[in-house]
Amino acid sequence: MTKTGYTFLKIVIKLFAFSILFPVAIVAIWSFAGRWSWPQLLPETFSLRGMAELFSSYSGAMQTLGSSVLLSIMVAILAVVIGAMTARALVFYNFTGKQAVEFSAVLPIIIPGTVFAMGIHVPLIRLGLADNIYGVILVHLICTLPYTIKIMTDITKAFGSKLEEQAAILGASPWQIAADITLPSLLPGLVSSGCMAYIISFSQYFLTLLIGGGHVKTFTLLMVPYLQSGDRTVASAYSFVFIIATLLVFIVFDAAGRKFSHDGHGYLFT
Amino acid sequence: MSADQQTAKIKLHPGWLEQIKRISHKGFCPLNRAKAVPYLLILPFAILSLLFIYGIGNGFLQSFGIIPSLDLNTPTLKYYIEIFSRPELLSSIWISLYITLVSSVTAAVLGVLICAALVLTGHDRGRMMGVVKIPIAIPHTVVALFVICIFAQSGLLARVLYSLGLISSQSSFPSLLYTGNGAGIILAYLWKEVPFIAFFVISVMANISSTLGEAAENLGAGKWRTFIEVTLPLCMPAIKNAFLIVFAYTLGAYELPYLLGATAPRALPVQAFIEYTHPDLQHRPYAMALNGIMFFISFIIVLLYYRLVQRDKSMMNGMNAND
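Going down the list, the sequences are from chains A and B. Note that the numbering used here has the first sequence beginning at 320, numbered continuously upward. Note that the numbering used here has the second sequence beginning at 433, numbered continuously upward.
Derived by calculation from the structure, the hints in this document are not laboratory data. Fair warning: there could be bad hints in the mix.
[To be verified] Not close to chain B: a few residues of chain A, all C-beta gaps over 10 angstroms, as computed:
id : residue
1  : Y325
2  : F365
3  : M370
4  : A371
5  : E372
6  : I392
7  : H440
8  : L505
9  : K536
[Claimed, not checked] Simulated restraints, written as ranges between beta carbons of each label pair:
id : chain 1 : residue 1 : chain 2 : residue 2 : range
10 : A       : G324      : B       : S642      : 12 to 22 angstroms
11 : A       : Y377      : B       : L472      : 42 to 52 angstroms
12 : A       : G532      : B       : A696      : 22 to 32 angstroms
13 : A       : W494      : B       : T643      : 16 to 26 angstroms
14 : B       : G554      : A       : A575      : 29 to 39 angstroms
Every residue, glycine too, gets a C-beta built ideally from N, C-alpha and C.
One chain only, chain B, in its complex shape:
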C-alpha cells in the first residue's frame, strides 16, 4: 500500500502548522515518548518468560534431589549416577539420540534438496508452497496414524509388496513400528520435518538466488555451480538454524515415541514421564534427572544457536541479502 492511501484517511489537524513548528524544535520522535513504553510492551512476555524459566529451574533443582515438598533438601548427584548405571535408562539416552540425529540430519538434507528444487524450477510460490505448508498444520498424533496405515506389517506398503509377489506374508515385511530400530518414528518425523526445513529456508534461498545468484550467472557461472558455490553457502545460517530447532524439538517430543516406539528401550521423554507419574514419589528425581540430561543436550544446542545468531547478525550487517 502506498503512503498516500494511508495518510489520506487522516484529517489534517487544525493546528498542523503550529504542531510541526513545535515538534521540529524538540527533535520529536513519536515513538520514543516515554522511557517506560518498551517495558510496558514486554511486560506480559516477561511474566510468562519468568514462569518458564522458573519451571525449568525448578525441574533442574529436582534432578539434584532438591524437592522440599518431599523433604529432600540435600543436593546430590545420585540420580544422575544411577541413570548411568541402569542399562535400561542408558539405552533410553542412546535411542533418543539416535532417532533425533538420524531424523534431523536426513530432514535437513532432504529439506534443502526440496527447497533447492522448488527455487531452481520456480515453484517457490503458489500451489506447491501450499503443499509444503500442509505438514506444518497436521499434528504428530495424526502423523503417527499415517505411519501405522502405511508402514505397519498389515499396512498398505506391505499389501502392495504382497500383491507384487515380493513378500509371501505379513510377517515377512520388516517390522518398522514398536521396535528398537525406531524406523516408524523416524519416518513420521521426516514427514513433518522435511517440509518444515524447506519452508524455513525457502524465502532466504529464493531471495539470494534471485539477487546474488543471478549476478553470478551474469558473470558466466552455470546455474548448478552458482547454486553450489554462491546460494547454498549463503543459506547455511538459515539451514543450521532450522536444523537446531528440529533437533531440539525431536529430542524432547513425547507423542511419536509414545505412539510408535518400543516398550524397551523407551525414548527419553517417554521414560521420563513414566518415572514422573510413578506412584512412588521417590521416583520423581529420576524423571528430573532424565529431563536434566535432555536439558543438558539442548543447552549445548542453545549455546550453538546463540553464537550462530550473533554471527548471522554481523554477517547480515555486511551483506543485507536477508532483508
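Chain A extracted, bound-state conformation:
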C-alpha cells in the first residue's frame, strides 16, 4: 500500500473515533452545565442541578435505575440459558424442525419491533401478562434471543464436542462434564451473550412502554420526557448516568468472565 493510502485510512479512523467519542463528551459536559446560552461554545456556569434532580428522592430515578438493572439482569440470565440450550440443540443434534428453529431464531431481528409489539399486546392482555413485569421480561426475552442464540451457536460450534466425549469415555458423570468442561469452555460466550442481552433489554423503550403499560417503569422510560422537554442539563444527566451504569455492569460481567474463563478474553466484549 502506498504511504498516502495508509495516511488516508489513518485519517478515516481518527475521524471515526472522534465522531463516536465527541457526542459522549458533549453530553458529559451538558450534564454539569448551569448556564450555557447561545452562542457560547463552552458553558458559562457549571451546576449540579441535573445530578441533584437525578439523585433526589422525589424523582425516584435511582430507585428506577436499580429496578431496571435487576430487570435487565433477569432478562440476560434467561436469554443466556435459553440461548445456550437452543445453540446446543442446533450444533450437536439433527432433529425434525431444525430449519424452522434456525429460521425463527432470526425472525425477531427482521420483523419490525413495532409490528411485534402491537401484535403481541392483545394476546398478552388475555394471558394476564400485560401491564406487569412478567410480560415485559417475556417480550424483552424474545428480542434478545436471536443475539444470544447466534453468539452461543458460534462458540459451541468452535468448541465442539470432542472434550466432552473424551471425558465421557474416561468415565466422567454428566454433571462432572457439565461443570468441568462444558461450562468453563462456554463461559466467554455466556458472558458476551449476557452483555448483549443486557444492553438490548436495558435500552428498550417502545416495548416496555406498550407492554408495561405505564406500570413498569424503567430508566429509559423515565428519561424520555426530559428529552422532549428540552431541558438539556437534566436529559444529559440521565444519559450520562445511563452510560456509566451500562459501563459498570460490563466491567462487572467482564471481570467475572475473566476470572472463570481460561483464555482470559471474551467473544464480544473483551
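Chain B: place on chain A using the hints.
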C-alpha cells in the same frame, strides 16, 4: 486451553477399562443418548417463538379487519385501501422508506470503509475495537440527545459556525430536526449503525484478509487490488447480512422518529402507534394495516435474508474461510 488441562480435573473412573470396552461395542456417542434431548433443549425457545409468531399473526389478521373482541369478523381490504387513499398515511410510508434506505445504505458504505481502514492498518483488535463497540451499548434515546445537542439550531455545530462568522444567527442554520427531511433521524441512525456494520463485518474481513488476501499478495497483487478484488467480494455475504438487519430495524423502530421527527409526515411506526392508541377502537385496524405494510416490506427482506443464508452455506462449505 489444552485438552490435558481439562481432562486432568476428572478423576479416572474405577472401571474405566470395562467402560471403554463396553462403549466401543455400541458405537457410543455421549451426545446422542436420547431422541428427546434436542427437543427438550429447544422447548423454551419454541414456546417463545410460538408466542412471537402468534403475535405477528394476530396483528396480521387484525389488519384485514378480523378483531373478534370488537365484533369485527369479516375479512376486508378496506383498511389497506384507505391507507393508500389518505395522503398523510401514504406520506408516512414514503418518509419511512426514505429514512430507512438513506441511513442503511450510507451506514453500509461508511461501515465497510471503516472496517477496511481498521483491517488494513492493523487496528482490528485492541483499543479501536473498544470505540467501535461503544455505540452498540448506547440506546437510541440517548443518541437522540446527542443529535439535539449538536445539530439543533441552538446546538454546538451552529455555535461553531456562528463563531467562525459563517452564519449570522440561529435561524440561518438549516433546521435538521423535527422536519420532513429527516436529517436528524438519519444522523442519529448513522451514529448507531456505521459501527454496527463495521463490527458485524470485521471478524470475517480480518480473517479473509489475513489468509486469502496474503496469498494474493504473495502472488504479486498490490494491497489495494487484493482488497478490492479478493477480500471485499468474499465479505459481501456478511455485508449484505448486516445491511438487512440494519434495514429491517430502522424501518420498524419507534424511538428516533418519535423523538426527532416532524409532526407531519410521521414515520410508519409512530403513525401506527398513534392509530393504535386512538381512543376510538375502530382506528385499531388502521394501525394494524400500517403494521401490515411494514410487515410486508420486512417479509421481502426475510426472504432475501433466507436465500442469502442458504447461498452462504453452500459457499462456505466450498471455502471454509469463515470458520
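Note whether the CB distance of G532(A) and A696(B) lies within 22 to 32 angstroms or breaks it. At roughly 27 angstroms between Cβ atoms, A696(B) and G532(A) fall inside 22 to 32 angstroms, so the hint holds.
E372(A) and chain B, when compared Cβ to Cβ, separated by more than 10 angstroms: E372(A) is indeed farther than 10 angstroms from all Cβ atoms of chain B, at 15 angstroms.
Would you check whether the claim that M370(A) is not at the interface survives, using Cβ distances to chain B and the 10 angstroms cut-off? holds, 16 angstroms
Could you let me know if the closest chain B CB is still more than 10 angstroms away from the CB of K536(A)? holds, 14 angstroms
Are G554(B) and A575(A) spaced within 29 to 39 angstroms by their CB atoms? This hint holds: roughly 30 angstroms between Cβ atoms.
Please confirm whether I392(A) is truly not at the interface, meaning its C-beta sits more than 10 angstroms away from all C-beta atoms of chain B. Holds, because the least Cβ-Cβ distance between I392(A) and chain B comes to about 15 angstroms, which exceeds 10 angstroms.
Assertion that Y325(A) lies outside the chain B interface [Cβ separation over 10 angstroms]: violated, 7 angstroms
Supplied distance hint 42 to 52 angstroms, evaluated on CB atoms of Y377(A) and L472(B): holds, 49 angstroms
Would you assess whether F365(A), listed as outside the interface, keeps its beta-carbon beyond 10 angstroms of every beta-carbon in chain B? Holds, because the least Cβ-Cβ distance between F365(A) and chain B comes to about 16 angstroms, which exceeds 10 angstroms.
Is 16 to 26 angstroms right for how far apart the beta carbons of W494(A) and T643(B) are? Cβ of W494(A) to Cβ of T643(B): about 40 angstroms, so the range 16 to 26 angstroms is violated.
Given a hint of 12 to 22 angstroms, does the C-beta separation of G324(A) and S642(B) actually sit inside it? Given range 12 to 22 angstroms: holds, Cβ gap about 19 angstroms.
When you look at the beta carbon of A371(A), is every beta carbon of chain B farther off than 10 angstroms? Correct as stated: the minimum Cβ-Cβ distance to chain B is 19 angstroms, above 10 angstroms.
In this structure, the earlier hints numbered 1, 7, 13 are contradicted, and the remaining ones agree with it.
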